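Peer 1: Sequence:
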Amino acid sequence: MLSQPERFVKQLRQKTQFWPLALTFNLGYNAQMRPSLSLDSTQAQPAAASRSQLASGLVRLLAIGLATQLIYVIYIVAFPLVSNTHKGGPAADLEILMRGYRWFAPVYTAGIFLLYFLFWQALRTVSVISNQMSVVSNQRPDQGHSPSSTPHASRLTPHTLKLLILGFGLIFGFTLIWLYPITANDLFRYVLRGRIWAVYGESPMLSPPNNFPNDPYIAFAGEFGEWVSGYGPLWEIIVQVPLRLFGATDMVPGSLSLKLVVLLFYGLCAVLIGWFATTETTPRLTFGPTKTTPNPPTFQPSNLLALTFFAWNPLILMQGPGNGHNDMVFMALMVLGIVLWQRKLWWAATLALTLATLAKITGLLLLPLFAIVLLKSESSWRQRLLKALGAALIVLVTAYIVYRALGPLAPVFQDAWNVLTTRLNVVLKISPFLINAWAALSDWLGFVPLKADTPPGLGSMLTARRGFAIASGLRMVLREILPREASEPIARNTASYIFILFYLWLLIQLWRSKLSLITAGFLAYFSQLMLGATFRIWYPMWLIPLAALHLTPFTFWSTFLFSLTSELSIINYFVVWRWWLNNWSWGKTGPLSKYWNYWTIMHLLTIPWLFGIPLFGPILMRWRAQKLAQDSQ
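Here our numbering is used: the first residue of the sequence shown is 1, the next is one more, and so on.
Where hints are given, some of them may not hold.
Using 25 Å as the maximum straight-line C-alpha spacing, the simulated DSS-like pairs for lysine-lysine come out as follows [as the list claims (entries may be wrong)]:
id, residue 1, residue 2
1, 387, 376
2, 344, 376
3, 344, 514
4, 514, 387
5, 514, 376
6, 387, 344
Because the hints were derived from the structure by calculation, they are not lab data.
Given the structure is predicted, the values throughout are model-derived calculations rather than measurements.
The whole structure should be built from the sequences, with the hints applied where relevant.
Peer 2: Next up, the structure:
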């Protein structure tokens, strides 16, 4: 017996040839309202009913996938990579590309909201399908199945469902390869620095783009023309593969080939999460209570749900294959390291995590945490010492080989050494002996004096770049109270000290076996996003694979909300300010005219909800769930 919403959708399907569009009207239908879909029910279900519900869930998942694909197609039609790149540099952004058709701004915004709604619905649907598959598989063989149920649905297994989810994810990713990088120009700088090595034979970690002023794509360097590469040497080596192997040294083929590289690592990460990683046992998940369902069914996290959480996540897709960020490389290698550690292959895990760090320095956050669990896995200090020496040897030899491919170590690390020297200057000034000792060490290692003219690189990227972050907001407030020379270090050091103390606490908890490596890694990256000196909208990607492997109410909702607020923040930065606030006469002449500038206003209007929603949202949701549960009793 079909319910009224199901009858409506069935009739709508019969009246339209594009039945997936009709099915989208049923995406909001509350599956938990039907008792037969409750995961906590202990009553046996009829085999035919279970198979029918399984088929219905599968059709709903297909409709969600098709609707998601439609949104991505709309985006690539609005922002095509090839034609916009052929226009030349400097790179455009979301707002610049929409100046000719401003009406598309609300369409783009609505698309982001709809993508996350569909993503949420996909997670709910996969959870219900997973439960129904277990119900069907537990039916007695002599029960048979109803002729009216879908044969393909009755033969559905977790493996085939994973293939379906991965297949959709790869289709999404391949579609987004053709999207112009609308939120950042990093992709074009990857190609430009790759050309420095492939075309001119110079190291991108030693020679900035402005050393080649006649390069036809020099305009794509933007404000980073004087910067050498601050990315990991492994990434610069990977860039050379398509540029040299396939001759993709021009901007369009180079951009497409590097997006394909990112898509390859996306697929690797998805396969590792879906088929090889061991998801940690967690409290059961719910997808949010409502007034009509104050006690919604709960779902047990699994590799199937973890795969969906990663592979269909809009932030992963939009910022990975869509904008071509190389974070996907270090994330895949990080997950590989975790999988190898779960297989008790400590040396291979050490190598994988080292390569992750060499792809992007962000991977370094996980290495000390891994070192603790590596030492803790041994019972005697002699065994711990041997493993520590072995792991250190793997890290140092691998780092030396990979970095050495980009040039002599001293020039490669010169900018990082300059930053370290500057930070230690307060301590070194205590004694002339310390100053002379540090100078002697610098000379012995091959570093030039601090005042030498060296291009900015890794060190400057980690310390000098500013973005819309909590720490920069604090610095902005302190400037109104304290002198500039005092406000700068207070804001920076306060956030740094809080993070260091929290990171030390994570190390201690790991040693005490109170946390797992995955949980500690998630908390380390989450705290870095909250306390870091800078922030970019794709940084929450770092959380997603770790959250997928340990889905709890906090990791799920904080990551989900952080992904959403990050995607929406770019609309504030690019569109709201340039089209409205920048030219608002009240702002320029009113009581806030002194503060009416991009940096200040965007901090005030964006930082509170960008960071506040993912930080406090899960807490408020838990409180609301408890309140609704109490009211229903």
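Peer 1: Work down the list of hints and note, for each, if the structure agrees.
Peer 2: Going down the list of hints, with the structure as the test:
1. 387 to 376: Roughly 11 Å between the alpha carbons, so the hint for residue 387 and residue 376 holds.
2. 344 to 376: Judged against 25 Å, a Cα distance of about 13 Å means the pair holds.
3. 344 to 514: holds, 20 Å
4. 514 to 387: holds, 22 Å
5. 514 to 376: holds, 12 Å
6. 387 to 344: holds, 13 Å
Comparing the model with each earlier hint shows no violations; every hint is respected.
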